[in-house]
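Generate the whole structure from the sequences, applying the supplied hints.
Here's the letter readout for the chains.
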Amino acid sequence: MSDEPARTRQQPAGATAEPLLEIRGLRTYFSTEAGEAKAVDGVDLRIGRGEVVGLVGESGSGKSVTALSVLRLIPDPPGHIVGGQVLFKGRDLLTLSWEEMRAIRGREISMIFQEPMTSLNPVFTIGMQLVEVMQAHGAAAEADAGRRAIEMLTRVGIPDAASRMSQYPHELSGGMRQRVMIAIALMLNPSLLIADEPTTALDVTIQAQILDLMLDLRDADGESAILLITHNLAVVAQTCDRVAVMYGGKVQEAAPVEALFREPRHPYTQGLLASLPRVDGERARRLTTIPGSVPDIHALPVGCKFVTRCTRRFEPCAGIEPELVEVAPGHQVRCHLYPGPS
Amino acid sequence: MNGPSTPQSGAGPAPVTGRDDGRDAAAGTTVHAPLLEVEGLHVRFPIFGGLIPRRKAEVHAVDGVSFALGQGETVGLVGESGCGKTTVGRAVVNILRAMNYRVDIDGRILYHHAAGVVDLARLGRREMRQYRSDLQMVFQDPYASLNPRMTIARIIEEPMRVHGVRSAAERRDRVRWLLEKVNLRAEHAGRYPHEFSGGQRQRVGIARALATNPKIVIADEPVSALDVSIQAQVVNLLQDLQEEFGLSYVFISHDLSVVRHIADRILVMYLGSIVESGPSEEVYRRPLHPYSRVLLSAVPRPDPSVRLPRHDAVSDDIPSPLNKPSGCAFRTRCPIARPDCATVTPPLEWRDGRFVACPYSE
Chain A
-6 MSDEPARTRQ QPAGATAEPL LEIRGLRTYF STEAGEAKAV DGVDLRIGRG EVVGLVGESG
54 SGKSVTALSV LRLIPDPPGH IVGGQVLFKG RDLLTLSWEE MRAIRGREIS MIFQEPMTSL
114 NPVFTIGMQL VEVMQAHGAA AEADAGRRAI EMLTRVGIPD AASRMSQYPH ELSGGMRQRV
174 MIAIALMLNP SLLIADEPTT ALDVTIQAQI LDLMLDLRDA DGESAILLIT HNLAVVAQTC
234 DRVAVMYGGK VQEAAPVEAL FREPRHPYTQ GLLASLPRVD GERARRLTTI PGSVPDIHAL
294 PVGCKFVTRC TRRFEPCAGI EPELVEVAPG HQVRCHLYPG PS
Chain B
99 MNGPSTPQSG AGPAPVTGRD DGRDAAAGTT VHAPLLEVEG LHVRFPIFGG LIPRRKAEVH
159 AVDGVSFALG QGETVGLVGE SGCGKTTVGR AVVNILRAMN YRVDIDGRIL YHHAAGVVDL
219 ARLGRREMRQ YRSDLQMVFQ DPYASLNPRM TIARIIEEPM RVHGVRSAAE RRDRVRWLLE
279 KVNLRAEHAG RYPHEFSGGQ RQRVGIARAL ATNPKIVIAD EPVSALDVSI QAQVVNLLQD
339 LQEEFGLSYV FISHDLSVVR HIADRILVMY LGSIVESGPS EEVYRRPLHP YSRVLLSAVP
399 RPDPSVRLPR HDAVSDDIPS PLNKPSGCAF RTRCPIARPD CATVTPPLEW RDGRFVACPY
459 SE
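Here the protein sequences line up with chains A and B, keeping their order.
Heads up: the first sequence begins at -6 in the numbering used here, then just goes up one per residue.
Heads up: the second sequence begins at 99 in the numbering used here, then just goes up one per residue.
Watch out, some of these pointers could steer you wrong.
[What the hints assert, rightly or not] With a straight-line cut-off of 25 Å between C-alpha atoms, the simulated SDA-like cross-links for lysine to any residue are:
{"no.": "1", "chain 1": "B", "residue 1": "422", "chain 2": "A", "residue 2": "110"}
{"no.": "2", "chain 1": "B", "residue 1": "422", "chain 2": "A", "residue 2": "163"}
{"no.": "3", "chain 1": "B", "residue 1": "154", "chain 2": "A", "residue 2": "163"}
{"no.": "4", "chain 1": "B", "residue 1": "422", "chain 2": "A", "residue 2": "152"}
{"no.": "5", "chain 1": "B", "residue 1": "154", "chain 2": "B", "residue 2": "179"}
{"no.": "6", "chain 1": "B", "residue 1": "422", "chain 2": "A", "residue 2": "154"}
{"no.": "7", "chain 1": "A", "residue 1": "31", "chain 2": "B", "residue 2": "326"}
{"no.": "8", "chain 1": "A", "residue 1": "82", "chain 2": "A", "residue 2": "182"}
{"no.": "9", "chain 1": "A", "residue 1": "31", "chain 2": "B", "residue 2": "292"}
Calculated directly from the structure, the hints in this document are not laboratory data.
Just so you know, these numbers come straight off a predicted model, no measurement behind them.
Here it is, written out as structure tokens:
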């Protein structure tokens, strides 16, 4: 059954060395009729070379807006990045010109989305969409691009790649479309792949194949990193080296994946993990719940963003927002239960 | 929607008596008194094409499914997209013909009500009406399944009007009572769906399903669109309501962890057929059918210390239901397939406390 490697490997050097991507104090707001929505409000995140980092959160937590801000794909208006830095290989992406940014997208950082049907263009063949990436970056002559496209389709596990080149997206299954999206994203060997809910629309057996594929491609060169955005904690547990949990536009807890699942510190993380029904082990008679619902993004609490639902809140929580403090090596928490070194 | 009546419709309510029990073994595994027995259900959707439309092909979406649902029981229906689980649910509440009048439905859907047994599959829309209030649905998408122009009160009382003998005051009281039952507040009644979160909308959908005091609720992916922290709340609510009102659930989901939590028995479907069925604890602890095994082993565990081996997932995609493999439908992806799997369709056989449709699994 498995001479194959489990979904695990040595800690990549990137965790400690100079990061590939470092987000510092990122703030992205949206102006809406209901007021200013602070979708991302001070996010810090590091991704080392070769690392797989999970960014988890529920709807409205700001995880997707964080990713789109990195690529500066926030529709403006209504959105605008109001502060922070996004250092990619030492350069702040937020200060680049539009042309400089275009050269980064697709070549240095690529992105894949949840719904492969809507992110592929239905009126162009698979081949044209693959080749276009290289041509848009002036990276190759058409014949070379075609060869590279077939090579990439083969690498992502699409059988009979040459004949697939002339097919249209609707002729492929959901899993195959997501493979094509990954092939497009990897055409130019980017050093960072941002995957936003890449398997959420897929069946579990296909999800397992796609996650395997993404890890294989990372392992193949060992340099490129993945930022995996998902609501699915189990997917994170199975694939990531480190994980950051977002809530209310902020990272609430960040840790190596083993530490986060073994010893979650933030009451929100603890609540999320406890509320998951299990497919094996003891069957709970009732599921543990987090009371209440995700707060309206226009009316986030003043202090800790989780205060309205937290069962362990005490005096400072409603008034003062806690800082992100380190509670163990590489393990940070934003919660008054863990006072920082003051 | 008002197509020509199919041979089955118009036959009138047909009380069925004197059934030879045990004839269809797969139907009778429940320990509860049966409320619903589905026997040999087939659903085919014809596909028309050409300038002068003619029948070009058909999707055999449900291919001989049998199961029973007991009083107060939850049967989980799992499988991947295209396996027919949603179609089974819709066939049970007899709304397929209303959605697509060309659909072919065979088999029996025996509903045991207070006055006897009726075969729902033989009922036309008008005759179905008197049973409709007993069988209700909860849908996946709480955004699409609530009319945005109706207040919450109007949405919940709609089924009462349709089935109704009740006065406006009676309906209003019942709406308030139902809102409290699903942990919403009575003052929510005058608001519109857009004012609610996804979890609250799903509570409204549940209240609407309960408005007619049903016996059976078909819940089709009721928590799949909800946030993780909200899923658990809605699952608990469904269990509380089941206990309070003695409801029977058909719980349809692709999420095997949720189904394990809520279901007493589980039916695993693949390309229109049940491949394994039995008490959920048995099936989850030791799945016998190769497909059940593949499906369960592909579920990621929320625990980094038990990482699944890579490349253990089945290769290949699920075949199109339009082009089902011969013999055992799973053979094209099966790790233990043999040559004769292409020619023989394995029947469901009783083994180790469950039914399994594979002679080679152990």
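Exercise for the section: For the pair we were handed, residue 31 of chain A and residue 292 of chain B, check the Cα-Cα distance against 25 Å. Expected result: Answer holds: residue 31 of chain A to residue 292 of chain B is near 21 Å, not above 25 Å.
Problem - Pairwise hint evaluation, residue 182 of chain A against residue 82 of chain A, where the allowed Cα distance is 25 Å at most - result: Holds. Residue 82 of chain A to residue 182 of chain A sits at ~15 Å (cutoff 25 Å).
Exercise for the section: Assess, step by step, whether the Cα of residue 422 of chain B is no farther than 25 Å from the Cα of residue 154 of chain A, and give holds or violated. Expected result: holds (23 Å)
Handout entry: residue 154 of chain B paired with residue 163 of chain A [C-alpha distance capped at 25 Å]
Key = holds (20 Å)
Problem - 25 Å limit on alpha-carbon distance, applied to hinted pair residue 154 of chain B and residue 179 of chain B - result: holds (23 Å)
Problem - Given pair status - residue 326 of chain B, residue 31 of chain A, alpha carbons within 25 Å - result: Roughly 22 Å separates the two Cα atoms, so the pair holds.
Problem - Pairwise hint evaluation, residue 163 of chain A against residue 422 of chain B, where the allowed Cα distance is 25 Å at most - result: Given that 25 Å is the threshold and the Cα spacing comes to 19 Å, the pair holds.
Practice task
Take a quick look at whether residue 422 of chain B and residue 110 of chain A sit within 25 Å of each other, Cα to Cα.
Solution key: Holds, at roughly 24 Å.
Exercise for the section: For the pair supplied as a hint, residue 422 of chain B and residue 152 of chain A, confirm whether the alpha-carbon distance does not exceed 25 Å. Expected result: holds (20 Å)
Checked against the numbered hints listed earlier, the structure breaks none of them; every hint is satisfied.
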